[in-house]
Amino acid sequence: MDVRAIDLCATTGTSRLHRASPITKLGAFVLVLTAVVVQQNLFIVLACLLLLVALALGSRLPARHVFALAAYPAVFSLVFAFAAAPDAFTGAVFVVRAVAASLAAIVLLFVTPYPQLFAPLQRVLPEVVGDALLMTYRSVFLLAEKFEHLRVAIRLRSGLTHGHPVRALRATAGALGALVLYAFDLSQREYDVMRLRGYQGRLRITLPAAANRTFDAALLASAAAVLAIAVIFRAAGATLTPWSWLLAAAAALALLATIAGRLVRT
Amino acid sequence: MSHIHIPDGVLPLWLVALGWAGALALVWIASSRARRTDVRRKVPLLGVVAALVLVAMSTEVVPIAYHVNLTVVAGVLLGPWLGAIAAFIVVVMLALLGHGGVTVIGLNTLMIAAEMAIGWGLFRVLARAFGRRHVGWAAAAATIVTLAITTTALVGLVALAGGGAATGRETGALDPRSLTFANPFSGGIVSVNTLRGEAAPAKPAAPLSVARFAAVVYTLGPIGWVLEGLVTAAVLSYVARVRPGLVFGQAITEPERGPAGDEEAH
Amino acid sequence: MTPDRIYPATGHDHAHTEGCDTVVRVSCVKHSYEDGTHVDLCGLEFTADRGSRVAILGPNGAGKTTMLFHILGLLAPQEGTVEVFGVDPSSRWADIRRRIGVVLQNVDEQIISPTVYDDVAFSPRQYGLGEAEVRDMAEAALELLGIEHLAARVPHNLSGGEKRKVALAGALVMRPDLLVLDEPFEGLDPTSRTALIALLRTLAEERGVTIVMSTHDIDTVPEFADYAYVLQQGGRIVLKGTPAEVFARVDLMAAGNIRPPILAELFAQLREADPSAPAPALTVEDAVLALGAWKKA
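Chains as they are written, first to last, in our numbering: chain A, 1 to 266; chain B, 1 to 266; chain C, 1 to 297.
Hint data in this document are derived by calculation from the structure and do not stem from the laboratory. Take every hint as true, because none was put in to throw you off.
Reference excerpt, derived from the structure (chain A facing chain C, CB under 8 Å, subset only):
| no. | residue |
| --- | --- |
| 1 | P115 |
| 2 | L134 |
| 3 | L186 |
| 4 | D192 |
| 5 | R197 |
| 6 | G198 |
| 7 | Q200 |
| 8 | R204 |
| 9 | T206 |
From the derived model, a few chain B residues whose C-beta atoms are all more than 12 Å from chain A:
| no. | residue |
| --- | --- |
| 10 | P80 |
| 11 | G121 |
| 12 | L126 |
| 13 | R132 |
| 14 | R133 |
| 15 | A148 |
Quick caveat: nothing in here was measured; it's all calculated off a predicted structure. For each residue, glycine too, the CB sits at the ideal point set by N, CA and C.
Work out the full structure, taking the sequences as your base and the hints as a guide.
Set out below in structure tokens:
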């Protein structure tokens, strides 16, 4: 997982989705996630997935990183589907639903800087948990950088080669050991700094307002519509199910239109 | 295969809700315990250890197939209560990256918190039994047993979910045995009869197959347990050699302070 | 040290301060680390007076950072005494912390908030000030350092010099009376360094801020410091005085493993070759004047 790429996209992106209020985005995410989870219908879940892909492409998210991340849940749900699903069709629903839910989270992460995403959460969580959640963010960058340096040093000194798993494992373990010690010293220094700067509990973060209220409203409305459709199709059951392929087809058209739009502009 | 890669929308709602309730209660209790002593020291420590686990998880020892978790290391360093908070933070961040579903954050938190707590307890007992010279063996044994226990808990979870994962046609699911595509133009000029199937009677869905799931995780799992055991052993014996206080101490309240600033460059 | 500096009545707590305008005093502090490293900050007494800029010089491992950590109360003296604003900082940090701004060596670790603005606003928010007041203070600090344009940025995408400025803004936001800086010039390009020296001078002269800093960057000392202390390996404070006084002691500098500024070395060697050579000048302008006068004579 390339945290840096995510962070760069989230903080420097300029799409409408980037500029929407973080609370709106969180709300829309919850609605879409609920829609994906309540639905058992392959076509409807597929429609959500296609719409999310269109959203990712339309917001010019770095496709390589987004889809690499989405591949993880695909692989694991495939294993799960193979292991536990009673038949291929249910298995397919598992996979599509897992990828759609993850993609929703990934898109959210790519268009919202982490602190803004976690600030609303931090406000409702206990003080220690919320503050530690925010501190984790800075620490991940510091540790990832240090770990990279350690691995380079070990590779240069002892020859960390692919194709020799035992040696690679040993070298990685050595780097991790050094990283653990560095992490502890880091926490000590961070504690010193927080004490010096007057930390008394509860970090405060400023949340940006929406750049365009109409867009925010539209975003929430579309997410609500997705959920409404999912709920209606579930409630109506057998009556509407034969028509559900239309939704997937419409979503596929929307995706094609987005791709075409991108091609035309570039 | 240690932490759950169960995707969103596979487990029944009651199990998911129970997971959330359990995890929130655990985190709440853990944070009120943490508040009794110096919170300022805990916040950077938690942030750093959570970041450590995240950085370790992003490291693939053998590409794709296996990554380090360091959950037992984190448990040994933090103890069970702070470990529970770190588990929650790690799971929330992983869910946003698409590793593990958002709705199963609760269950995943319980699982990783259990991994940390069991690992911590086993390591303390075994380290005392084996003596300080054999930290590595104690760590490896503690890790393998811990992962075997949590994997079994995972299988238990799927067994619990077993019949609950309703995929019946009446809920709006598509049933492959009665797959029908309704055509909006069918009443019009052209009737696409090929897409019409027979109306099928509603059937109860087949349950998740627990036996096959168990077979998969118990064959793939042990490789992961052993690798994780080796890495944990290497990391903990490294730390035990350099800073024994971190490994053998009580819960960390007062990290050892190394020489400040430029004195480090002896 | 400078008797013409008058101590204004800014707060009643100064009444406890002995020596009327000594802000920091470190007397023969000894510290042993768990790994067996000993630092004995004995020899001369370390003092910093109000509104003065004091530099601490010394080789790696001399204990510069240990000294600063004692001043900041991060380490409690195992022997000896430390006084900051008349109190022991390790036990009464809460009473004096609002008056002290700090920038430690690794600024990356010092920036704890996720955005530049939030980081600069960290201290006033923690002290419970209202959001409007916090905004005014944070904006003033950002403006002081000329980094208003960075406010919305994320710290880890900044350059080293920018991070240092952000950390400084975070230290200056509470308008401290004492500023403690560990290697403040590291990672700054020449322009930023000159600007920082000018800023520190303004703070000291106009606001009466006392500045204590450790540095390796010997050439900035004549421009920056009113006084300098020299630490030897192991922490012994062997020398104290104005930069001119300190750098005149080439022997002690060499013994302490500190390379004197290039101009000091030049004048010392001139003196050796020709006793009529002028007294050492420490800035280029002074050197030009002195050498010009020598040539005429």
